[in-house]
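Enquirer: In short: position in the sequence shown from 1, add 1, done, that's my numbering.
Honestly, the hints are just simulated from the structure, not real lab data. Be a bit skeptical, because a hint or two may be false.
Said to hold, decoys possible - DEER-style ranges, computed between Cβ atoms:
1. Arg225 - Val168: 28 to 34 Å
2. Thr263 - Leu2: 25 to 31 Å
3. Asp169 - Gln36: 37 to 43 Å
As the list claims (entries may be wrong) - Cross-link-like lysine-lysine pairs, in silico, DSSO-like; alpha carbons within 30 Å at most:
4. Lys3 - Lys304
5. Lys34 - Lys144
6. Lys149 - Lys3
Note that the Cβ used here is the ideal one computed from N, Cα and C, for glycine as well.
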Amino acid sequence: LKVGRRSATLTDFAYAYFCFKNGISFLNEDHWKHQYQLSIDLHDAAADAACALSDTTGVQSYSQAVLSHATSLEDKLNAMFTMVKSLRMTLSLAEAEIYAVRFLMELGEEEPRMSGNPQLDSDISSMIVTVSSMTDDSILNLKQSQDKKLLMLMNLCHEFFYIFQMVDPSRLSSVSLRMVQLSFGCGITELSPLAFAQFGVVVLSGGNAIVGYRMGSLALKLARNLCAPRLISSVIAVVQPYLAWVAEPLQTITESHQHGHTLGAQCGDVSSSTLNYAWFCMAKLLSGGDLEVVRRESCRFLKELRSKKQNWGFLCASITYLLSVALIEGPNSDVLVGNCDLP
2 LKVGRRSATL TDFAYAYFCF KNGISFLNED HWKHQYQLSI DLHDAAADAA CALSDTTGVQ
62 SYSQAVLSHA TSLEDKLNAM FTMVKSLRMT LSLAEAEIYA VRFLMELGEE EPRMSGNPQL
122 DSDISSMIVT VSSMTDDSIL NLKQSQDKKL LMLMNLCHEF FYIFQMVDPS RLSSVSLRMV
182 QLSFGCGITE LSPLAFAQFG VVVLSGGNAI VGYRMGSLAL KLARNLCAPR LISSVIAVVQ
242 PYLAWVAEPL QTITESHQHG HTLGAQCGDV SSSTLNYAWF CMAKLLSGGD LEVVRRESCR
302 FLKELRSKKQ NWGFLCASIT YLLSVALIEG PNSDVLVGNC DLP
């Protein structure tokens with residue numbers, strides 16, 4: 002378990018997975034009774050490593066083992082979250098949504114509301130007033146919380162953000178609002194910067210560019226205050242493509258995505274690293290970068306995503322690749338007319 006965790010922190014997930022599986026094989030037959038905590042830790046760790054390696058079968062196996070034998074909701078939290086994250090990363094979004102809603106209910110929360118709900122609109126307006134009435138310092142110095150249930154609830158809400166982007170965007174505003182409400186009411190967690198960023202997108206889409214951009218700026222400042230490189234990568238993946246364009250040049254946004262990709266890769270955050278590189282390719286294209294370089298990099302990236310079975314980020318990278326091909330070869334390119342497959 003210790004060696005595997007160390008390997009995971011160094012982003013060697015294959016060896017970490019090997020260690021965790023070996024650890025499980027060494028457990029006694031009645032390990033769920035006499036080695037309970039060690040069994041929980043090993044199975045949770047194995048599921049996490051399997052998720053990073055896109056091994057959905059492994060995630061299901063180890064997570065279900067925890068859900069079947071755990072004696073408390075707290076011990077089930079990581080397995081619940083990992084199952085949802087794995088399904089989302091492999092784009093099994095309908096199934097991911099079903100599990101996420103089920104787990105959300107177990108945590109005592111309501112199902113996310115749809116846009117247009119009068120009470121939701123009123124709650125969003127109230128939060129905008131609250132944020133506007135506070136200084137940056139007062140927001141950045143809100144109390145922090147390490148409550149395990151709160152942390153998992155924030156993680157699950159964050160997964161909803163990814164899922165609903167693809168299957169039901171009308172619920173995004175509800176999820177973002179709830180994360181901000183939890184941050185203000187229960188305490189700042191490591192995901193609060195993401196909550197601020199995502200709520201900023203909601204506010205901006207409602208026409209308030211000033212408050213929306215401010216929420217994005219606060220998100221980046223809070224992430225840096227929490228000294229979490231992994232978190233910064235995730236925040237960049239939201240703030241730069243959706244909010245930063247309000248006041249920052251595309252060249253700066255391109256550099257930020259490259260930085261976010263590097264941070265995510267170094268910290269083992271596969272999702273954020275992938276998203277940042279997909280956005281980096283797109284921003285490089287839109288900012289007037291060398292088209293041949295964009296085509297080559299997006300082509301290489303698509304091949305890498307296929308080889309690692311990482312579907313997340315594939316759509317954005319595909320669009321960038323096709324746009325660069327169209328600008329270089331014209332609309333009659335073999336790739337564009339269907340005579341040639343994507344890389």
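Enquirer: For the pair supplied as a hint, Lys149 and Lys3, is the alpha-carbon distance within the 30 Å limit?
Expert: Given that 30 Å is the threshold and the Cα spacing comes to 21 Å, the pair holds.
Enquirer: Under the criterion that the straight-line Cα-Cα distance not exceed 30 Å, is the pair Lys34, Lys144 satisfied?
Expert: Given pair Lys34, Lys144 is violated - Cα atoms ~38 Å apart, limit 30 Å.
Enquirer: Between the beta carbons of Asp169 and Gln36, is the distance compatible with 37 to 43 Å?
Expert: holds (42 Å)
Enquirer: Holds or violated: Lys3 with Lys304, Cα cutoff 30 Å?
Expert: Outside the cut-off at roughly 34 Å; violated.
Enquirer: Take the C-beta atom of Arg225 and the C-beta atom of Val168, compute their distance, and say whether it sits inside 28 to 34 Å.
Expert: Check passed, 32 Å falls within 28 to 34 Å.
Enquirer: Taking the CB of Thr263 and the CB of Leu2, does the distance hold inside 25 to 31 Å?
Expert: holds (29 Å)
Taken one by one, the earlier hints fail for this structure at numbers 4 and 5, listed in ascending order.
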